[in-house]
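So that you can map any letter, position 239 of the sequence shown is 239 in my numbering, and since no number is skipped, the others follow by simple counting.
Because the hints were derived from the structure by calculation, they are not lab data.
You may find that some hints are simply not true.
[Stated by the list, open to error] Derived pair list, reagent style DSS-like, types lysine-lysine, alpha-carbon separation capped at 25 Å:
(1) Lys257 x Lys198
(2) Lys72 x Lys62
(3) Lys120 x Lys106
(4) Lys299 x Lys318
(5) Lys309 x Lys327
(6) Lys299 x Lys312
(7) Lys106 x Lys62
(8) Lys305 x Lys193
(9) Lys120 x Lys198
(10) Lys274 x Lys299
(11) Lys318 x Lys305
(12) Lys316 x Lys193
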Amino acid sequence: MNMRGLFTNTGVFLAGCFLLLAIRIDSGFAEASSSDAPLFSMDLVNQAAGDSTLSRLDLYLKITNSQLQFIKAKGEGFEANYEYSIAVFDDTGQRVDGKILKEQVKAGSLDEAHSTRTYKITKVTFDLPPNPYRVTVGLQDMETLHTARQESGIVLRDYSGNALSTSDILFLDGYTKDENGNFTFRPRVSSIKHADSKLYAYLEVYNVTAADSFDVQYDFVSPEKVTYLHRHYVSASEGKVTRNFIQIDGDSLSHGKYMMNLQVSYKGDTVSVKRPLDWFLEGIPSSITSLDQAIEVLKYIAPGKVYKKLRKTSPKQKHQAFIDFWKERDPTPDTPENELLEEYYQRIQYANENFPGFKKEGWRTDRGWVYVMLGAPDLIERNPFNQRFAPLPGRTIKAMQLWVYYRYNREFLFFDENGFGDYRLENPETLYEILK
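Let the sequences and hints guide you as you build the complete structure.
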(Lines of atoms letter the chains of each structure in order from A; the text may use other names.)
(Lines give C-alpha, C1' and ligand atoms only; values in the text may rest on other atoms or scores of the structure.)
Protein backbone atom coordinates (compact mmCIF):
# COMPACT_ATOMS: atom_id res chain seq x y z
CA MET A 1 0.00 0.00 0.00
CA ASN A 2 1.33 3.43 -0.96
CA MET A 3 1.51 5.59 2.16
CA ARG A 4 2.21 8.84 0.34
CA GLY A 5 -1.22 10.22 1.17
CA LEU A 6 -0.61 10.11 4.89
CA PHE A 7 2.22 12.62 4.65
CA THR A 8 1.32 14.81 1.69
CA ASN A 9 2.41 18.04 3.41
CA THR A 10 6.08 17.25 2.82
CA GLY A 11 5.91 14.36 0.41
CA VAL A 12 7.43 12.08 3.03
CA PHE A 13 5.78 8.73 3.54
CA LEU A 14 6.43 5.36 5.07
CA ALA A 15 6.70 3.38 1.86
CA GLY A 16 5.33 -0.08 1.54
CA CYS A 17 4.34 -0.31 5.19
CA PHE A 18 1.55 -2.84 4.84
CA LEU A 19 3.39 -4.90 2.25
CA LEU A 20 6.10 -5.42 4.84
CA LEU A 21 3.56 -6.08 7.56
CA ALA A 22 2.07 -8.90 5.52
CA ILE A 23 5.22 -10.36 3.93
CA ARG A 24 8.72 -10.12 5.42
CA ILE A 25 11.12 -10.40 2.50
CA ASP A 26 14.38 -12.35 2.86
CA SER A 27 16.91 -9.55 2.76
CA GLY A 28 19.96 -11.07 4.39
CA PHE A 29 19.19 -9.97 7.93
CA ALA A 30 16.43 -10.73 10.41
CA GLU A 31 13.55 -8.37 11.02
CA ALA A 32 12.70 -7.08 14.47
CA SER A 33 10.91 -9.44 16.86
CA SER A 34 12.81 -12.43 15.57
CA SER A 35 12.58 -14.41 18.81
CA ASP A 36 10.07 -17.24 18.97
CA ALA A 37 10.07 -17.27 22.78
CA PRO A 38 6.65 -16.41 24.26
CA LEU A 39 6.85 -13.05 26.01
CA PHE A 40 5.28 -12.78 29.45
CA SER A 41 5.35 -10.28 32.31
CA MET A 42 5.98 -10.88 36.00
CA ASP A 43 5.60 -8.80 39.14
CA LEU A 44 6.62 -9.52 42.75
CA VAL A 45 4.79 -7.98 45.73
CA ASN A 46 5.45 -8.31 49.47
CA GLN A 47 2.60 -8.21 52.03
CA ALA A 48 2.07 -9.38 55.59
CA ALA A 49 1.20 -13.08 55.92
CA GLY A 50 -1.42 -14.61 58.19
CA ASP A 51 1.41 -16.14 60.23
CA SER A 52 3.27 -13.18 61.76
CA THR A 53 6.56 -15.13 61.72
CA LEU A 54 6.39 -15.31 57.92
CA SER A 55 6.18 -12.78 55.10
CA ARG A 56 4.03 -13.15 51.99
CA LEU A 57 5.37 -13.14 48.44
CA ASP A 58 2.71 -12.70 45.76
CA LEU A 59 3.89 -13.50 42.24
CA TYR A 60 1.77 -12.24 39.33
CA LEU A 61 2.31 -13.65 35.83
CA LYS A 62 0.65 -12.26 32.71
CA ILE A 63 0.64 -13.47 29.12
CA THR A 64 -1.44 -12.23 26.17
CA ASN A 65 -3.13 -14.55 23.69
CA SER A 66 -0.89 -13.29 20.89
CA GLN A 67 2.14 -14.92 22.55
CA LEU A 68 0.64 -18.42 22.57
CA GLN A 69 0.04 -21.05 19.89
CA PHE A 70 -3.67 -21.86 19.73
CA ILE A 71 -5.02 -25.08 18.24
CA LYS A 72 -8.54 -26.18 17.37
CA ALA A 73 -10.35 -27.30 20.52
CA LYS A 74 -12.27 -30.57 20.68
CA GLY A 75 -15.51 -28.67 20.98
CA GLU A 76 -15.91 -25.14 19.65
CA GLY A 77 -13.24 -22.49 19.42
CA PHE A 78 -9.52 -22.73 20.10
CA GLU A 79 -7.25 -23.46 23.02
CA ALA A 80 -3.65 -22.89 24.07
CA ASN A 81 -1.78 -24.82 26.74
CA TYR A 82 1.35 -23.71 28.55
CA GLU A 83 3.29 -24.45 31.72
CA TYR A 84 4.99 -22.28 34.34
CA SER A 85 8.00 -23.60 36.28
CA ILE A 86 8.64 -21.43 39.35
CA ALA A 87 11.59 -21.64 41.72
CA VAL A 88 12.40 -19.49 44.77
CA PHE A 89 16.01 -19.22 46.02
CA ASP A 90 17.32 -17.62 49.20
CA ASP A 91 20.35 -15.33 49.38
CA THR A 92 22.71 -18.33 49.58
CA GLY A 93 21.39 -19.75 46.31
CA GLN A 94 19.50 -22.56 48.03
CA ARG A 95 16.13 -23.44 46.50
CA VAL A 96 13.50 -23.02 49.23
CA ASP A 97 10.22 -23.37 47.34
CA GLY A 98 8.71 -23.73 43.90
CA LYS A 99 5.72 -24.81 41.85
CA ILE A 100 4.81 -26.16 38.42
CA LEU A 101 1.53 -24.84 37.01
CA LYS A 102 -0.28 -26.12 33.94
CA GLU A 103 -2.40 -23.39 32.35
CA GLN A 104 -4.96 -23.29 29.55
CA VAL A 105 -6.56 -20.41 27.65
CA LYS A 106 -9.62 -20.71 25.41
CA ALA A 107 -10.63 -18.41 22.55
CA GLY A 108 -13.90 -18.29 20.66
CA SER A 109 -12.40 -17.00 17.42
CA LEU A 110 -9.10 -16.59 15.61
CA ASP A 111 -9.21 -12.85 16.28
CA GLU A 112 -9.45 -13.53 20.00
CA ALA A 113 -6.68 -16.12 19.77
CA HIS A 114 -4.38 -13.56 18.14
CA SER A 115 -5.41 -10.67 20.37
CA THR A 116 -2.74 -8.52 22.02
CA ARG A 117 -5.30 -7.24 24.55
CA THR A 118 -6.80 -10.50 25.79
CA TYR A 119 -4.66 -11.98 28.51
CA LYS A 120 -4.55 -14.32 31.49
CA ILE A 121 -3.05 -13.43 34.86
CA THR A 122 -1.86 -16.17 37.20
CA LYS A 123 -1.23 -15.45 40.88
CA VAL A 124 1.06 -17.63 43.00
CA THR A 125 1.63 -17.07 46.73
CA PHE A 126 4.55 -18.15 48.93
CA ASP A 127 4.74 -17.55 52.70
CA LEU A 128 8.42 -17.46 53.67
CA PRO A 129 10.68 -16.20 56.47
CA PRO A 130 11.69 -12.52 56.07
CA ASN A 131 14.80 -12.51 53.87
CA PRO A 132 16.06 -11.58 50.40
CA TYR A 133 14.97 -13.99 47.65
CA ARG A 134 15.42 -14.56 43.95
CA VAL A 135 12.53 -15.90 41.88
CA THR A 136 12.97 -17.58 38.50
CA VAL A 137 10.05 -18.35 36.19
CA GLY A 138 10.15 -20.51 33.09
CA LEU A 139 7.28 -20.67 30.61
CA GLN A 140 6.82 -23.33 27.93
CA ASP A 141 4.22 -23.30 25.17
CA MET A 142 3.08 -26.93 25.08
CA GLU A 143 2.25 -26.78 21.36
CA THR A 144 5.43 -25.20 19.96
CA LEU A 145 7.66 -26.21 22.92
CA HIS A 146 9.18 -22.72 22.77
CA THR A 147 10.38 -21.51 26.17
CA ALA A 148 11.04 -18.23 27.93
CA ARG A 149 12.63 -17.42 31.27
CA GLN A 150 12.68 -14.45 33.63
CA GLU A 151 14.04 -13.81 37.10
CA SER A 152 13.73 -11.07 39.67
CA GLY A 153 14.73 -10.35 43.25
CA ILE A 154 12.73 -9.20 46.27
CA VAL A 155 13.33 -8.55 49.97
CA LEU A 156 10.53 -9.85 52.22
CA ARG A 157 10.00 -7.60 55.25
CA ASP A 158 9.57 -8.63 58.87
CA TYR A 159 5.96 -7.86 59.90
CA SER A 160 6.08 -9.57 63.31
CA GLY A 161 6.14 -6.36 65.40
CA ASN A 162 3.51 -3.71 66.13
CA ALA A 163 5.27 -0.77 64.50
CA LEU A 164 3.74 1.20 61.63
CA SER A 165 4.50 -0.57 58.35
CA THR A 166 3.19 -1.06 54.82
CA SER A 167 3.07 -3.63 52.08
CA ASP A 168 4.63 -3.08 48.68
CA ILE A 169 2.69 -0.99 46.19
CA LEU A 170 0.72 -3.04 43.67
CA PHE A 171 -0.41 -1.29 40.50
CA LEU A 172 -3.84 -2.32 39.25
CA ASP A 173 -5.85 -1.91 36.06
CA GLY A 174 -8.96 -2.19 38.23
CA TYR A 175 -10.66 -4.04 41.06
CA THR A 176 -14.13 -5.16 42.19
CA LYS A 177 -15.75 -5.80 45.57
CA ASP A 178 -18.51 -8.37 46.09
CA GLU A 179 -21.41 -8.29 48.56
CA ASN A 180 -19.30 -10.10 51.15
CA GLY A 181 -16.58 -7.47 51.04
CA ASN A 182 -14.11 -9.62 49.12
CA PHE A 183 -11.92 -7.86 46.58
CA THR A 184 -10.87 -9.12 43.16
CA PHE A 185 -7.79 -7.44 41.68
CA ARG A 186 -6.78 -6.92 38.07
CA PRO A 187 -3.04 -6.36 38.57
CA ARG A 188 -1.21 -4.18 36.10
CA VAL A 189 1.63 -6.59 35.37
CA SER A 190 2.74 -5.21 31.99
CA SER A 191 3.84 -1.71 31.00
CA ILE A 192 1.51 -1.00 28.06
CA LYS A 193 -0.92 1.91 28.32
CA HIS A 194 -3.98 1.56 26.11
CA ALA A 195 -6.27 4.46 25.27
CA ASP A 196 -8.83 3.21 27.82
CA SER A 197 -6.34 2.15 30.51
CA LYS A 198 -7.08 2.93 34.15
CA LEU A 199 -4.43 3.05 36.86
CA TYR A 200 -4.75 2.31 40.57
CA ALA A 201 -2.20 1.79 43.33
CA TYR A 202 -3.03 -0.69 46.09
CA LEU A 203 -1.30 -0.55 49.47
CA GLU A 204 -1.86 -2.19 52.84
CA VAL A 205 -1.08 -0.18 55.99
CA TYR A 206 -0.46 -2.11 59.20
CA ASN A 207 -0.79 -1.37 62.93
CA VAL A 208 -2.82 1.84 63.05
CA THR A 209 -5.42 1.95 65.84
CA ALA A 210 -8.92 1.33 64.48
CA ALA A 211 -10.38 4.61 65.77
CA ASP A 212 -7.54 6.66 64.29
CA SER A 213 -6.50 7.93 60.87
CA PHE A 214 -3.19 8.35 59.07
CA ASP A 215 -1.74 10.63 56.39
CA VAL A 216 -0.67 9.47 52.93
CA GLN A 217 1.44 11.49 50.49
CA TYR A 218 2.64 10.34 47.09
CA ASP A 219 4.09 11.60 43.85
CA PHE A 220 5.61 10.31 40.61
CA VAL A 221 9.12 11.31 39.56
CA SER A 222 10.56 10.95 36.06
CA PRO A 223 14.21 10.04 35.31
CA GLU A 224 14.73 13.76 34.63
CA LYS A 225 13.70 14.43 38.27
CA VAL A 226 10.43 16.10 37.24
CA THR A 227 7.66 15.56 39.81
CA TYR A 228 4.12 14.73 38.74
CA LEU A 229 0.85 14.22 40.64
CA HIS A 230 1.94 15.29 44.10
CA ARG A 231 -1.06 14.31 46.23
CA HIS A 232 -2.03 14.08 49.91
CA TYR A 233 -5.01 12.49 51.66
CA VAL A 234 -6.13 11.25 55.09
CA SER A 235 -7.31 7.65 55.48
CA ALA A 236 -9.39 6.19 58.29
CA SER A 237 -7.84 3.12 59.86
CA GLU A 238 -9.54 -0.27 59.65
CA GLY A 239 -7.43 -1.72 62.45
CA LYS A 240 -4.58 -4.18 62.06
CA VAL A 241 -4.77 -4.02 58.24
CA THR A 242 -6.09 -1.05 56.26
CA ARG A 243 -6.51 -1.44 52.52
CA ASN A 244 -5.85 1.64 50.40
CA PHE A 245 -6.96 1.93 46.78
CA ILE A 246 -5.54 5.05 45.13
CA GLN A 247 -6.93 6.08 41.74
CA ILE A 248 -4.11 7.62 39.70
CA ASP A 249 -4.73 10.23 37.01
CA GLY A 250 -2.90 8.25 34.33
CA ASP A 251 -3.71 10.81 31.63
CA SER A 252 -1.37 13.21 33.44
CA LEU A 253 1.53 10.81 32.91
CA SER A 254 2.99 10.75 29.42
CA HIS A 255 4.93 7.88 27.84
CA GLY A 256 7.92 7.02 30.00
CA LYS A 257 9.38 5.59 33.20
CA TYR A 258 8.41 6.87 36.65
CA MET A 259 9.05 6.16 40.31
CA MET A 260 6.06 6.33 42.65
CA ASN A 261 7.17 7.59 46.06
CA LEU A 262 4.68 7.15 48.92
CA GLN A 263 4.87 8.07 52.60
CA VAL A 264 2.50 7.01 55.39
CA SER A 265 2.59 9.08 58.60
CA TYR A 266 0.99 8.26 61.96
CA LYS A 267 1.70 9.75 65.40
CA GLY A 268 5.14 11.02 64.47
CA ASP A 269 6.21 7.87 62.62
CA THR A 270 6.70 7.84 58.85
CA VAL A 271 7.16 4.85 56.58
CA SER A 272 8.25 5.25 52.96
CA VAL A 273 7.78 2.86 50.07
CA LYS A 274 8.40 3.27 46.37
CA ARG A 275 7.62 1.38 43.18
CA PRO A 276 8.77 1.86 39.57
CA LEU A 277 6.08 2.34 36.94
CA ASP A 278 6.62 1.84 33.21
CA TRP A 279 3.82 3.73 31.44
CA PHE A 280 4.38 3.05 27.75
CA LEU A 281 2.01 3.95 24.95
CA GLU A 282 0.80 1.01 22.90
CA GLY A 283 2.97 0.31 19.86
CA ILE A 284 6.06 2.19 21.06
CA PRO A 285 9.02 -0.03 22.07
CA SER A 286 10.12 0.05 25.69
CA SER A 287 13.57 1.15 24.47
CA ILE A 288 12.02 4.59 23.84
CA THR A 289 11.68 5.63 27.45
CA SER A 290 10.30 9.18 27.15
CA LEU A 291 7.76 11.09 25.12
CA ASP A 292 10.48 13.48 23.94
CA GLN A 293 12.33 10.51 22.42
CA ALA A 294 9.14 9.28 20.76
CA ILE A 295 8.62 12.71 19.21
CA GLU A 296 12.26 13.23 18.22
CA VAL A 297 12.26 10.19 15.93
CA LEU A 298 9.26 11.60 14.00
CA LYS A 299 11.78 13.79 12.18
CA TYR A 300 11.61 11.60 9.06
CA ILE A 301 7.83 11.63 8.61
CA ALA A 302 6.36 14.68 10.34
CA PRO A 303 5.99 17.84 8.22
CA GLY A 304 8.53 20.46 9.25
CA LYS A 305 6.13 22.87 10.95
CA VAL A 306 4.28 20.06 12.70
CA TYR A 307 7.55 18.58 13.94
CA LYS A 308 8.76 21.89 15.36
CA LYS A 309 5.40 22.50 17.03
CA LEU A 310 5.40 19.05 18.62
CA ARG A 311 8.87 19.53 20.07
CA LYS A 312 8.05 22.98 21.46
CA THR A 313 4.68 22.03 22.96
CA SER A 314 4.49 22.38 26.74
CA PRO A 315 4.98 19.15 28.73
CA LYS A 316 1.34 19.12 29.88
CA GLN A 317 0.03 19.37 26.29
CA LYS A 318 2.72 17.32 24.54
CA HIS A 319 1.14 13.96 25.34
CA GLN A 320 -2.20 14.88 23.74
CA ALA A 321 -0.46 16.50 20.76
CA PHE A 322 1.44 13.26 20.16
CA ILE A 323 -1.77 11.20 20.40
CA ASP A 324 -3.51 13.56 17.95
CA PHE A 325 -0.61 13.34 15.49
CA TRP A 326 -0.90 9.57 15.21
CA LYS A 327 -4.70 9.55 15.39
CA GLU A 328 -4.78 11.62 12.19
CA ARG A 329 -2.49 9.04 10.58
CA ASP A 330 -4.25 5.86 11.72
CA PRO A 331 -5.02 3.80 8.59
CA THR A 332 -7.58 1.70 10.51
CA PRO A 333 -9.27 4.08 12.98
CA ASP A 334 -12.01 1.55 13.78
CA THR A 335 -9.52 -0.89 15.35
CA PRO A 336 -7.59 -0.52 18.65
CA GLU A 337 -4.21 -0.83 16.91
CA ASN A 338 -2.51 1.83 14.83
CA GLU A 339 -0.53 -0.32 12.41
CA LEU A 340 1.40 2.61 10.98
CA LEU A 341 2.60 3.72 14.42
CA GLU A 342 3.61 0.19 15.37
CA GLU A 343 5.50 -0.42 12.12
CA TYR A 344 7.31 2.93 12.31
CA TYR A 345 8.58 2.43 15.85
CA GLN A 346 9.52 -1.18 15.13
CA ARG A 347 11.73 0.14 12.33
CA ILE A 348 13.23 2.76 14.64
CA GLN A 349 14.05 0.06 17.18
CA TYR A 350 15.52 -2.26 14.56
CA ALA A 351 17.67 0.56 13.15
CA ASN A 352 18.97 1.41 16.62
CA GLU A 353 19.87 -2.21 17.32
CA ASN A 354 21.47 -3.00 13.96
CA PHE A 355 22.87 0.21 12.40
CA PRO A 356 24.52 2.25 15.17
CA GLY A 357 27.14 4.80 14.15
CA PHE A 358 29.99 6.49 15.95
CA LYS A 359 28.29 8.28 18.86
CA LYS A 360 25.08 8.17 16.85
CA GLU A 361 21.84 6.25 17.31
CA GLY A 362 21.05 3.79 14.55
CA TRP A 363 18.00 5.64 13.25
CA ARG A 364 20.17 8.73 12.63
CA THR A 365 22.67 6.88 10.42
CA ASP A 366 22.33 6.64 6.65
CA ARG A 367 21.47 2.95 6.73
CA GLY A 368 18.98 3.62 9.50
CA TRP A 369 17.39 6.42 7.47
CA VAL A 370 16.87 4.20 4.44
CA TYR A 371 15.62 1.30 6.54
CA VAL A 372 13.12 3.42 8.48
CA MET A 373 11.69 4.98 5.33
CA LEU A 374 11.64 1.95 3.04
CA GLY A 375 11.81 -1.09 5.29
CA ALA A 376 14.03 -4.10 4.69
CA PRO A 377 15.77 -4.33 1.29
CA ASP A 378 15.05 -7.30 -0.95
CA LEU A 379 18.76 -8.06 -1.35
CA ILE A 380 22.01 -7.01 0.31
CA GLU A 381 25.39 -7.39 -1.38
CA ARG A 382 28.23 -7.14 1.14
CA ASN A 383 31.89 -6.59 0.29
CA PRO A 384 33.91 -6.30 3.51
CA PHE A 385 37.29 -6.57 1.80
CA ASN A 386 37.05 -3.78 -0.75
CA GLN A 387 37.37 -6.03 -3.79
CA ARG A 388 35.11 -3.94 -5.98
CA PHE A 389 35.82 -0.33 -5.07
CA ALA A 390 39.50 -0.33 -4.09
CA PRO A 391 40.62 1.69 -7.12
CA LEU A 392 38.40 4.71 -6.43
CA PRO A 393 40.76 7.70 -6.79
CA GLY A 394 41.58 9.58 -3.61
CA ARG A 395 39.49 7.33 -1.39
CA THR A 396 40.16 4.30 0.76
CA ILE A 397 37.08 2.13 0.92
CA LYS A 398 37.25 -0.41 3.74
CA ALA A 399 33.88 -2.03 3.05
CA MET A 400 30.67 -1.53 1.11
CA GLN A 401 27.05 -2.61 1.14
CA LEU A 402 24.62 -2.49 -1.75
CA TRP A 403 20.94 -2.54 -0.81
CA VAL A 404 18.56 -3.52 -3.60
CA TYR A 405 14.82 -2.73 -3.57
CA TYR A 406 13.13 -4.53 -6.44
CA ARG A 407 9.75 -2.97 -5.64
CA TYR A 408 11.19 0.51 -6.28
CA ASN A 409 13.71 -0.55 -8.93
CA ARG A 410 16.39 1.25 -6.92
CA GLU A 411 19.78 0.48 -5.36
CA PHE A 412 21.52 2.20 -2.44
CA LEU A 413 25.30 2.12 -2.08
CA PHE A 414 26.94 2.52 1.34
CA PHE A 415 30.71 3.00 1.85
CA ASP A 416 32.67 2.49 5.07
CA GLU A 417 35.87 4.52 4.68
CA ASN A 418 37.26 4.14 8.21
CA GLY A 419 36.66 0.46 8.93
CA PHE A 420 34.49 1.12 12.00
CA GLY A 421 31.14 0.28 10.42
CA ASP A 422 30.20 3.91 9.82
CA TYR A 423 28.55 3.44 6.42
CA ARG A 424 27.72 6.57 4.40
CA LEU A 425 25.10 6.65 1.65
CA GLU A 426 26.71 7.50 -1.69
CA ASN A 427 23.50 8.24 -3.58
CA PRO A 428 21.02 10.00 -1.25
CA GLU A 429 19.33 11.55 -4.26
CA THR A 430 17.90 8.12 -5.03
CA LEU A 431 15.97 8.12 -1.76
CA TYR A 432 14.82 11.69 -2.32
CA GLU A 433 13.41 10.61 -5.69
CA ILE A 434 11.27 7.97 -4.00
CA LEU A 435 10.14 10.28 -1.20
CA LYS A 436 9.31 13.36 -3.20
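Hints and how they fare:
1. Lys257 x Lys198: At roughly 17 Å apart (the allowed maximum being 25 Å), lysine 198 and lysine 257 satisfy the hint.
2. Lys72 x Lys62: Holds. Lysine 72 to lysine 62 sits at ~23 Å (cutoff 25 Å).
3. Lys120 x Lys106: Given pair lysine 120, lysine 106 holds - Cα atoms ~10 Å apart, limit 25 Å.
4. Lys299 x Lys318: Given pair lysine 299, lysine 318 holds - Cα atoms ~16 Å apart, limit 25 Å.
5. Lys309 x Lys327: With a Cα-Cα distance of about 17 Å, the restraint between lysine 309 and lysine 327 holds, given a limit of 25 Å.
6. Lys299 x Lys312: 14 Å, holds
7. Lys106 x Lys62: With a Cα-Cα distance of about 15 Å, the restraint between lysine 106 and lysine 62 holds, given a limit of 25 Å.
8. Lys305 x Lys193: 28 Å, violated
9. Lys120 x Lys198: Distance of about 18 Å is within 25 Å: holds.
10. Lys274 x Lys299: 36 Å, violated
11. Lys318 x Lys305: Since the Cα atoms of lysine 318 and lysine 305 sit roughly 15 Å apart, the hinted pair holds (cutoff 25 Å).
12. Lys316 x Lys193: Holds, at about 17 Å.
The structure shown violates the earlier hints numbered 8 and 10.
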